[in-house]
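Enquirer: For this one, chain A is given, so just place chain B on it according to the hints.
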Amino acid sequence: MANTNSNSKLRQFFAGDLWYSFVHSPVALISFMITALCLLLAFSAQVIAPFDIFDLAAIDLMDADLPPPWTSDEGDSRFILGTDDQGRDIWSGILYGAQISIFVGFSSVIISAIIGIALGLLAGYKGGRIDSFIMRVADIQLSFPAILIALLIDGVMRGLLPRELHDELAIYVLIFAISISGWVQYARTIRGSVMVEKHKEYVQAGQVIGLPQHIIALRHILPNVLSPIFVIGTIHLASAIITEATLSFLGVGMSPTTPSLGTLIRIGNEYLLSGEWWITLFPGAALVILVLSVNIFGDWLRDALNPKLQ
Amino acid sequence: MTLLATKNISIGFPSRHGMFVAVKDVSFSVEPGEILGIVGESGAGKSTVGNAIISLLQPPGKVISGEVWFNSKRIDNLSVEQKRRLRGKKIGMIFQDPQTSLDPLKTIKQQLVETIDLHLRLGRKGSEKRAIELLEQVGIPDPQLRMHHYPHQFSGGMRQRVVIALALCGEPELIIADEPTTALDVSVQKQILDLMRKLCIEKNVGMILVTHDMGVIAEVTDRVAVMYNSKLMEIGDTKQILGNPQHPYTQSLISAIPRPDKRIERFPLVTYIEDVIEPQDEFDLSSHWLGQSRDFSMQVEEDGTILQVKDLCMRFQISNSIFKSKRRYLDAVKMVNFSIKEGETFGIVGESGSGKSTIARMVTGLYQPYSGAVHFLGKEISAINHTPQVLAYRRQMQMVFQDPFSSLNARMRVMDIVAEPILFHKLAASKEEAQHIVLDLLKLVGMADDAYAKYPHQFSGGQRQRISIARALATRPRFLICDEPTSALDVSVQAQILNLLKDLQQELNLTMMFISHDLPVIRQMCDRVAVMQHGQILELAETEQLFSEPQHNYSKHLLSLMPKLDMITERPITVTAQAVQG
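Residue numbers (the working numbering), protein chains in the order written: chain A, 1 to 310; chain B, 1001 to 1582.
Hints are computed from structural coordinates only; laboratory data are not their basis. Keep in mind it's a predicted model, so treat the numbers as computed, not measured. Careful, some of the hints might be misleading.
Below, simulated DSS-like cross-link-like pairs (lysine-lysine); rule was C-alpha separation at most 25 Å, straight line [said to hold, decoys possible]: (1) K1262(B) to K1341(B); (2) K1231(B) to K1203(B); (3) K198(A) to K1454(B); (4) K1089(B) to K1125(B); (5) K1073(B) to K1062(B); (6) K1454(B) to K200(A).
This is chain A alone, in the form it adopts within the complex (with noise of 0.2 Å):
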């Protein structure tokens, strides 16, 4: 029975308007092609990098700093975006960057989300005093930009850690302060939409019944509000990964030896004008391209999803 209820869920879903706008919608094709396959290779860095750029027996300091081959005959067949200050190879430092750029994207969204729910929900169900001690938490932490949020974090963790441990633990830090900086938009969303949705008639047939309140957050309130997630859930996504990467260009987010795409750029960064310009400019335009299709995803999503606009 369980198995002819997801195949009909399914057989809805492919026969509803959001999946006819999505196959009529080259925007929302590319984009979302284009984000599928940077997931899929950065997925796939310890199969298909040529390099392993955390095995340091690896790294030959005498391959530093090789322009990529097409651009010069200085360049080594071997390296084809180049190589770094430490001859690490560039391409394989995107692939495996992404990979951490993007673990660390998701799980805060994810975590942001699972906050931002539980806090919408208990807010706008309850109402009263624990809304209002909720909303104006949210309201001081909006008055903090999410990069200071995360900046104050990490320092935090800096000195409560000692420094080899910190390098170890830096990514969950990472996820830990940018998760903490994102939850405000869910939870106003969702409380708005339970505020809506708890004086609807169903929520008092529920109360009539006799179900008991959590039951009635849960089971009846808690699935109606949670659509809006999806489009906050990818728009976020896009803004989680600049956040590591700014976190990690400003140098406390993930460590040299680790990097994720934005401990590349700022490794390249000081190599810019010295003429060196492939170190920092691939891994940047990389950042670009997987941003910009999650965001131009979101965007269509937002607008296929809103009755308004169709």
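Expert: Just chain B, lined up with the frame of chain A:
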């Protein structure tokens, strides 16, 4: 000379599933000074016809075939610019909602003068003079002063008068009115209809009046066209159509209107309007699940009283302040007393804001009363705090809500919606048993066999209301509160739902509290009625007595506003499904 004629007009809305034809082969004509009513239920295509005549179809809708003739000239093939000149100048339009059809940022003087000057080129002074004349004609007192006001400074009825004045600005020969009185109170509705009637005769203007309300049709129209399922069913003199309808659809539609003048046992069944299975005839409560293991530890009081409400009050805070003296309250219900005996149907009638729904919500425990007590099955339920005991009493009392579109959770399947109360109250031994009970309940309320696996959006309003009733029955209640259960439904669907409620009440020996603003519906359903205004019960009487000899002035006033349907015949009508589909 014929003012307007449509010849075999068809209107379609292209979509990715193909062309949706909203109007098929409709032909009618309007003479000067005549009011033609177009009546039909939701989705019949009646508004689409009105919009198509003045080319205001919502894109992507378009006229697929047919012709529209106005003053012996064909107008459906004119250019956009020519059509625009026709609108307002020759053909005026009155919309449903006077709240939104006026520009809130301009005074009505600005709106009127702009329109008059555009169409008649009278200049500023002349236009102003004309605007004052028009406002006088539509019955706005003190027009010189009032014309400087903004729309929000007028009441709903006055605003609709302004909209009518606006439609008259270009001295049109034809006015199309789309549900002009639906958003208004009954008392205001009558004044507006009288005004429209008067203007049509005085100015020799033809009018097309689109409405779903047979009362409005009976009140003002000369001729009426009946539409169903995008086709014209019947057209003719209003008296003749209402008094002696020829087409089976018209017959069934008219027979479904609740009669204000006498009580009937059941409404005739109209099978082709909705897929309905008649509830099975033989029904034995003692052997049925719904009758089993009733909790007989809870007994009605000796005189048969199941619910008693004593000095019930409810107040809502409308403005908060830290100072107690500055807080302001609205008393929604003031010192209400009544009692309901087992097996009877108790009606509460009143206009919007009279507090009738608030009483229902206090009885079911959705609101905590400000003061007073609710006694149910001999126990003061508003005072019980012990959760299991509260649940046991709550289970005996269920509610059917007004809006079938929001009263079912859109994300749950019908099976889960109806099974939820059964499983929660542990009324079935296993999940399988609960599923059997759900199937049985759905059959009892007249749903098709495959309904359980679907989602609410796959059903029409009437079918959803049936599901809603099935859910209410799933706790095996003895007392059912119906809060305007049919006011969101079409009249033929309403008749079927009312039939269902009557049947269920008899078969299950239910006690009902029936809340409505609609007096004819109350008359068909209730044994006793309470008339409410401003949170108080003004009169409480047996239904027949209330309708024959109302005591309170307000009851008399309400009764005088009921639509007069004297023209409608009383002969019993039998309807066959084949006649319409053929």
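Enquirer: Against the structure shown, which of the earlier numbered hints fail to hold, in ascending order?
Expert: Going through the list in order, the structure violates hint 2 alone and respects the others.
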